[in-house]
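Sequences and hints are given; from them, build the entire structure.
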Amino acid sequence: MLFLRQLLAAVCGLGCSAFAATPVKLEAVAATTSEQSHFAEAVDGILSPANGWQVPRSTEHAGVFRCVPAMAAGRVRFIFSFHGAGKNSYFSEFSISTTSDPNPSLESRWVPLFLTGWDANQGWVGEARPNVRMLGDTSKSDLQLDGLISQEHITGVRIQSWVLPSARPGAAVLTELKMERMPMGTTNVALGCPVTASHALAPNQQPEFLTDGLVGSFAYPDGVRGPEFYFEVDLRHVREFDHITLRGRSEASAMNRFTNLRLDLYDEMPGENVPALWTWVEERAGEVQEPGEVKVVRGADGEGTFRGRWLRISKTVTISHTPQIAEVEVYESVVPQDLKVLADDLVLPQGDPVRVPPEVRRLGFSTVQPELPDGLVLERRWRLAGMGDKWLPAPNTGLIESFGLPAGEYLFEAQVRHSDREWNSASLRVPLTVLAPWWENPWARLAVALAAVGIVALLAWNFSRRRLARQLAEMERSQELSRERARIARDMHDVVGARLTQLTVMHELFARQESLTQTTRARLQELGATARDAVGALDEAVWAVNPRNDTLQNLADYLCHAASSYLRPLDIRLRQQVPVTWPEREVGAQKRHQFLLAFKEGLQNVVKHAGATTVTLILRFEDPVLVVCLDDNGCGLPKDTDGMEKDGLDNMGARLAAVGGVCIAKTLAEGGTRVEFRLPI
Amino acid sequence: MPIRIAMIEDDQPFARTLQQYFELMPAVTCEAVFPSAEEALLGVPSLAPEVLLVDINLPQKSGIEFVDEIVQQCPGILCLMLTMYEESPLIFDALKAGACGYLLKRTPPQEIVTAIEEAKAGGSPMTPQIARRVVGFFQGEQPRPVAASPPDDTLALAEREREVLDLLTQGYLYKEIADSLQLSVHTVNTYVRRIYEKLQVRSRSQAVAKYRGFAE
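First to last, the protein sequences are chains A and B.
In terms of our numbering, the first sequence opens at residue 9 and continues consecutively.
In terms of our numbering, the second sequence opens at residue 85 and continues consecutively.
In short, the hints are calculated from the structure, not lab data.
By construction, the Cβ of each residue, glycine as well, lies at the ideal position given by its N, Cα and C atoms.
There are no misleading hints in this set.
Computed from the model, here is a short list of chain B residues facing chain A with C-beta under 7 Å:
1. L102
2. E170
3. P193
4. G220
Across the chosen pairs, the derived CB separations fall in these ranges:
5. A:T675 x B:Q103: 50 to 60 Å
6. A:A545 x B:P143: 19 to 29 Å
7. B:K259 x A:D658: 37 to 47 Å
8. A:D631 x B:Q103: 44 to 54 Å
9. B:E260 x A:R478: 49 to 59 Å
10. A:A537 x B:Q103: 22 to 32 Å
11. B:E260 x A:K616: 22 to 32 Å
12. A:A494 x B:E260: 30 to 40 Å
13. A:E484 x B:P143: 20 to 30 Å
14. A:D658 x B:E260: 31 to 41 Å
15. B:P143 x A:V464: 51 to 61 Å
16. A:R478 x B:K259: 55 to 65 Å
17. B:K259 x A:A481: 50 to 60 Å
18. B:K259 x A:I626: 22 to 32 Å
Here are a few chain B residues that face chain A, going by a calculated C-beta distance under 8 Å:
19. D95
20. P97
21. F98
22. Q104
23. L108
24. N141
25. E171
26. S172
27. R190
28. P192
29. Q194
30. P212
31. Q223
32. Q254
Have a look at this one:
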């Protein structure tokens with residue numbers, strides 16, 4: 009049993025070894041022993057057999073020491089050195105008490121120290137509660153006693169020596185007493201706190217077992233079975249809680265003693281008419297517990313405000329020896345603080361949110377853990393909500409880094425982990441805004457977009473204005489050109505044409521003279537014909553260039569005119585199948601001229617090769633193609649079209665091709681030839 | 085008895101040459117040459133020639149406008165357009181205005197004399213191109229009833245006239261038309277003359293109607 013306890017103490021006192029023990033200086037204040045007892049020598053630091061506090065075994069005695077400086081509640085270790093000259097010079101039975109009296113004295117209010125561990129290099133501790141009893145034969149014995157001090161401010165220690173019926177004669181010698189403060193190594197604030205039970209516990213059980221930091225010690229009611237039983241832990245002052253951890257103690261024969269629990273928190277001493285601030289009733293009622301089960305209860309699991317000084321642990325069922333509890337641990341909320349944000353080694357001003365300038369490459373965060381007793385350092389973790397949301401372990405330096413965080417809203421969170429390895433519910437939460445570079449700002453983008461649109465619009469407007477101006481200029485130029493064409497055409501026609509015409513008339517006048525020789529008359533005839541030809545050719549050329557004739561109607565009229573004026577003198581009948589009206593379409597001078605030349609070539613071919621007496625001219629408009637058919641009643645196309653005729657057809661084709669048209673010649677079923685001109689307008 | 089004619093021609097050298105030619109011709113006698121429409125409008129009514137040779141392209145008022153005015157001042161006067169232009173729209177406009185025929189300047193002068201004689205005898209030349217314009221005019225203008233002048237049957241083409249016109253559009257010669265309709269060439273000429281008259285009356289009444297339409 010003893011070994012087991014020590015083993016458990018070692019396991020439970022996690023981290024104890026990590027921190028060095030702090031010696032607490034003791035000063036001798038007063039003792040009930042005589043002045044010759046050398047009371048002060050118990051704390052003079054000299055370890056020699058002749059040096060020590062002589063305490064007669066025949067009567068009860070007490071000695072009071074002052075702690076310098078005063079000590080906070082926590083773990084404490086006393087080392088009793090019994091190095092007296094004779095054998096077994098130890099106290100047979102003694103006890104340790106503490107006080108918070110500013111001037112500790114024998115009359116002060118003393119509270120017994122709850123021992124959690126003991127050991128001796130010679131002899132052994134027979135029992136530790138309520139008093140320590142030492143047994144065995146020793147010459148130089150060092151006794152180590154560990155305990156938990158529940159008072160906040162320990163100013164003095166009292167050692168009491170008791171008289172045993174079987175007391176050895178003579179005096180015990182306390183060669184030296186040392187006191188050390190042991191690191192807490194835990195954030196459990198219930199450790200060492202006073203516990204009371206409403207009813208009697210099983211034999212040898214003490215309510216303090218619930219807060220002794222030892223899982224091996226447990227307590228349960230004996231006799232009372234109903235829910236009226238409770239344990240009550242006094243946490244010494246009102247506290248804000250993070251969570252409560254309950255450790256059970258399973259026994260193979262009784263697996264239901266750690267179920268159906270109820271917790272109540274009070275900020276006043278519980279009693280009738282004192283309402284609980286917070287209550288938790290275990291939901292898993294009726295189940296059996298697992299061996300070594302741990303219940304972690306957080307504020308949200310119960311109802312009310314999760315704070316108070318007195319914690320009551322009871323049950324909701326009537327089962328004997330229930331609740332059977334090994335340990336009650338209470339954890340206050342611990343939240344990292346003082347967030348510093350470093351942007352590329354520059355500390356950013358605090359804010360809500362913290363504004364991170366754009367384009368920061370390296371972002372560092374440093375938090376500080378609130379100071380805990382004995383320099384306890386807790387594990388920490390952090391995360392950035394909005395960037396993975398995953399908790400990441402924080403290094404002990406407290407500086408964590410993030411790289412290349414894109415612009416946006418984030419929430420920095422940091423948490424600590426309590427000594428029971430539960431994460432604190434509350435976390436440090438600091439919103440973080442990583443600012444976008446100005447060009448990523450929506451307004452800036454909008455402005456840029458508007459500006460771009462504006463510039464484009466301006467350019468387009470300018471461009472279109474220029475183009476319009478250019479078009480206008482072009483139109484004016486083309487109109488000017490058109491007017492110029494018309495003027496040249498009219499001038500040529502009126503002036504040159506009139507002169508040529510006059511020439512033909514003059515020729516007639518000349519020819520009337522009778523004195524002319526035959527040869528002269530013939531030459532004159534030739535002159536007249538040439539003049540008339542010239543007028544005709546001029547007429548054609550002028551017709552083509554004159555912009556007034558740039559219409560489909562005029563082209564049609566002129567083709568009819570050309571055909572009739574060419575064919576009539578040759579006594580070839582001309583029949584015309586021509587629409588009365590034509591759509592308003594423009595036909596440029598070049599097109600009209602080329603087409604007219606091809607058409608006249610077609611007429612010539614008819615006259616030269618067809619031997620026709622009637623020609624039918626068919627005009628029609630198959631939008632957008634002007635179709636002109638020249639049908640004759642002649643001999644048709646020869647089998648192998650070649651020679652002159654072929655050349656003629658080739659010429660016509662080439663002329664039409666120049667203006668995008670085609671020319672097809674074919675023999676008609678009823679005899680004769682059709683030459684079909686197709687000209688897209 | 086030679087036919088008394090006058091010329092309205094601004095091209096003096098041409099006019100003089102042609103005048104010299106007419107002097108050789110016993111059939112015609114050219115009594116005056118007016119260089120502009122304005123002078124002609126002053127001189128022609130007192131001179132009262134039988135046939136006028138009118139150039140279209142005159143310095144101020146055009147030959148067509150001149151014809152329009154002179155046929156109203158001197159009803160029965162025969163106007164032959166003598167023009168450099170082959171263009172159908174101009175010729176058609178001249179006919180609408182009251183001309184009874186047209187000649188091209190490059191026509192051999194002998195034929196000009198013949199045309200004058202024909203005109204005097206009641207001949208009315210019409211090419212297929214002109215004929216088509218006449219058809220188009222009567223078709224296109226028909227559906228537009230004119231408020232001021234209620235539809236007048238006398239202004240519509242008679243069936244015979246329509247037949248003649250139809251053959252003309254296809255390029256039939258007067259003689260061929262006369263043969264196919266079993267008429268004399270003279271009658272064909274008369275039909276054509278009537279068509280011209282209707283064309284003129286019609287276009288004039290439409291002009292008046294248009295004017296009134298604007299005035300109201």
